[in-house]
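Chains as they are written, first to last, in the numbering used here: chain A, 461 to 782; chain B, 43 to 321.
No lab work stands behind these hints, which were simulated from the structure alone.
Any given hint might turn out to be false.
Mimicking SDA-like on lysine to any residue, the simulated pairs with C-alpha atoms at most 25 Å apart in a straight line are [what the hints assert, rightly or not]:
1) Lys103/B <-> Glu487/A
2) Lys183/B <-> Arg482/A
3) Lys244/B <-> Lys641/A
4) Lys268/B <-> Arg297/B
5) Lys641/A <-> Pro595/A
6) Lys141/B <-> Glu682/A
7) Lys268/B <-> Glu254/B
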Amino acid sequence: MTTLKKTEIPTRKAFSMRMAERGAESEFAVFESDIGYSTYSYLFGDKFPERYFNFGIAEASTMAAAAGMASTGRTTIVSGYGVFLTMRAVEMVRSFVCYPNLNVKILSSHGGITAAIDGVTHQATEDIAFMTTLPNMKVLCPCDPASAKKAFDLALATPGPVFVRLMRDPLFDLYSEDDLKIPAKFRMGGSNVIKEGTDITIASYGDILFQAIEAADILAKEGLTAEVLDLYSLKPLDFDGITASLKKTAALLVAENHQARNGAGTAIGDYLARLGMPAIFDHLGLDDTFAESGDYQGVVDTYGLGAKNIAETARRLILRKS
Amino acid sequence: METPTPERTKALQEIARKMRFHIVDMVYKAQSGHCGGSLSAADIVTALYFEIMNIDPSNPKWPLRDRFVLSKGHACPVQYAALAMRGFFPVEELGTLRKLHSRLQGHPVAGKLPGIEVTSGSLGVGFCEAVGLALEARLEKSSWHVWALLGDGELNEGAIWEAAQAASKFSLDNLTAIVDRNRLQNDGFCDDVMPMDSISDKFRAFGWETLEIDGHDMAQILEALKKAKAMQGKPCCIIAKTIKGKGVSFMENKRDWHGKPPNDEQYSQAVRELQGETL
Numbered sequence: 461m462t463t464l465k466k467t468e469i470p471t472r473k474a475f476s477m478r479m480a481e482r483g484a485e486s487e488f489a490v491f492e493s494d495i496g497y498s499t500y501s502y503l504f505g506d507k508f509p510e511r512y513f514n515f516g517i518a519e520a521s522t523m524a525a526a527a528g529m530a531s532t533g534r535t536t537i538v539s540g541y542g543v544f545l546t547m548r549a550v551e552m553v554r555s556f557v558c559y560p561n562l563n564v565k566i567l568s569s570h571g572g573i574t575a576a577i578d579g580v581t582h583q584a585t586e587d588i589a590f591m592t593t594l595p596n597m598k599v600l601c602p603c604d605p606a607s608a609k610k611a612f613d614l615a616l617a618t619p620g621p622v623f624v625r626l627m628r629d630p631l632f633d634l635y636s637e638d639d640l641k642i643p644a645k646f647r648m649g650g651s652n653v654i655k656e657g658t659d660i661t662i663a664s665y666g667d668i669l670f671q672a673i674e675a676a677d678i679l680a681k682e683g684l685t686a687e688v689l690d691l692y693s694l695k696p697l698d699f700d701g702i703t704a705s706l707k708k709t710a711a712l713l714v715a716e717n718h719q720a721r722n723g724a725g726t727a728i729g730d731y732l733a734r735l736g737m738p739a740i741f742d743h744l745g746l747d748d749t750f751a752e753s754g755d756y757q758g759v760v761d762t763y764g765l766g767a768k769n770i771a772e773t774a775r776r777l778i779l780r781k782s
Numbered sequence: 043m044e045t046p047t048p049e050r051t052k053a054l055q056e057i058a059r060k061m062r063f064h065i066v067d068m069v070y071k072a073q074s075g076h077c078g079g080s081l082s083a084a085d086i087v088t089a090l091y092f093e094i095m096n097i098d099p100s101n102p103k104w105p106l107r108d109r110f111v112l113s114k115g116h117a118c119p120v121q122y123a124a125l126a127m128r129g130f131f132p133v134e135e136l137g138t139l140r141k142l143h144s145r146l147q148g149h150p151v152a153g154k155l156p157g158i159e160v161t162s163g164s165l166g167v168g169f170c171e172a173v174g175l176a177l178e179a180r181l182e183k184s185s186w187h188v189w190a191l192l193g194d195g196e197l198n199e200g201a202i203w204e205a206a207q208a209a210s211k212f213s214l215d216n217l218t219a220i221v222d223r224n225r226l227q228n229d230g231f232c233d234d235v236m237p238m239d240s241i242s243d244k245f246r247a248f249g250w251e252t253l254e255i256d257g258h259d260m261a262q263i264l265e266a267l268k269k270a271k272a273m274q275g276k277p278c279c280i281i282a283k284t285i286k287g288k289g290v291s292f293m294e295n296k297r298d299w300h301g302k303p304p305n306d307e308q309y310s311q312a313v314r315e316l317q318g319e320t321l
């Protein structure tokens with residue numbers, strides 16, 4: 461059994477806490493669209509009001525103004541909800557942030573169906589598809605407070621646009637800040653083996669990583685060992701890490717809080733097909749459907765992303781190996 | 043406020059005439075591009091590049107330079123012509139407009155060509171970027187000014203009004219918007235497609251100062267630009283009444299000439315009309 465400590469701090473808050481700390485030694489500016497008390501960007505704004513610009517409920521102009529400022533060389537950070545930043549403002553991200561390859565970092569809260577209770581209008585379930593498709597964009601999704609802080613540092617240190625998907629609800633502590641002091645533990649294009657195993661690899665990121673860990677525990681009771689990968693870097697993806705794990709397990713299940721289409725699962729499937737790599741493979745996500753309002757675990761289970769469904773799907777894949 | 047001499051005003055008019063020739067010439071050579079909205083803006087762009095803006099063609103990245111944002115990015119022939127004539131790059135390069143591997147992209151692209159500050163052309167966005175630039179000047183406690191040229195059709199875009207409210211909130215008196223009020227847009231007369239009158243009332247309601255001028259009267263343009271730059275405490279919008287296609291008789295005030303290149307015969311006639319003593 462994996463025992464994880466529950467945390468009080470959602471990743472959106474941890475990221476903003478780090479942003480407020482780093483503001484003292486780095487001259488970046490933060491652009492907000494009136495949800496600073498939800499993304500916790502206000503923590504930065506309270507300390508550095510002269511570098512904090514609240515544009516009101518106007519994501520498109522917020523993004524474009526941040527691009528305008530970044531065109532001078534200053535790093536800008538745009539804070540908001542994923543569903544609005546990646547869709548209402550997607551053209552601003554594409555043509556005016558990614559095309560000129562500007563140092564604009566996107567703090568994207570309420571990723572996936574973690575905004576479960578708010579319903580579909582507030583659930584960003586296509587954000588990874590949009591953002592990973594854009595040239596020059598890099599995409600991170602930390603799962604816990606320590607890695608969210610590290611994601612801020614990595615985004616700031618990486619030239620060009622970086623999108624960081626964050627979550628509404630606090631879940632667990634997986635990493636310690638000390639763990640992540642080793643650069644290899646959290647890097648662009650990296651992944652981490654959270655649990656070792658030989659029967660199947662279960663790869664996930666963000667909140668569903670914890671469902672994957674629980675699924676591995678369910679399988680362990682049946683004598684099956686699952687290797688669990690944290691794919692915190694969604695673009696670039698750690699294909700070397702995935703391949704190394706597959707050499708041990710020969711089966712891969714990707715589970716993600718996103719549409720099954722055009723998320724990490726399809727990117728990895730595409731990679732394996734191009735490589736001609738023999739692997740039993742499947743991926744779980746929203747199956748061409750919208751979700752709905754509800755309690756977090758209820759929505760996660762209903763749409764097939766809970767630990768039980770991950771374990772059941774993994775079991776079927778393992779059976780296909782023999 | 044210093045009034046330009048009649049000689050200087052005349053010299054600027056002459057520059058604008060040459061600029062109009064280059065616009066027609068490059069769109070003809072490309073057989074693609076937007077003559078109408080470039081020609082309407084030629085006098086305003088001339089005043090900015092040759093009289094008003096603090097810029098240094100030999101040092102295009104001079105940190106204290108004024109920033110020009112062509113929010114109506116499809117009119118880039120007028121900006122490309124101004125930059126070339128001002129010495130940012132060779133005039134001969136204007137002939138590469140819209141061609142493969144050219145620095146003169148179909149809409150302005152930052153980083154490709156000296157003097158282009160931000161990528162623009164998706165209508166409504168350049169103005170938002172200009173607000174970000176003006177905030178940067180504020181952060182740097184620097185006195186450079188941001189000039190954004192907008193189309194009147196472009197004002198249909200909601201992002202324009204988001205940017206307008208933000209500029210007002212942040213009291214960006216280092217930002218000037220100039221609306222090229224030629225009363226035509228892609229599908230026809232603005233009044234038929236989406237009436238925007240009164241543009242002055244709208245900007246004033248958003249907390250801006252406004253000036254209305256004849257956008258082909260060089261003396262009025264210069265005076266308004268100087269007033270706008272001197273504005274304190276709030277941003278200023280100049281509504282410049284212009285004629286789309288100005289300077290080429292058969293292009294003037296015609297919807298067709300929004301985005302159509304001239305054929306050989308039309309090109310010859312346009313050149314004859316724009317030909318002064320020298321080109």
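Here's how the hints hold up against the structure:
no., hint, verdict
1, Lys103/B <-> Glu487/A, "20 Å, holds"
2, Lys183/B <-> Arg482/A, "22 Å, holds"
3, Lys244/B <-> Lys641/A, "54 Å, violated"
4, Lys268/B <-> Arg297/B, "32 Å, violated"
5, Lys641/A <-> Pro595/A, "29 Å, violated"
6, Lys141/B <-> Glu682/A, "65 Å, violated"
7, Lys268/B <-> Glu254/B, "14 Å, holds"
In the structure shown, a violation is registered for the earlier hints numbered 3, 4, 5, 6, in ascending order.
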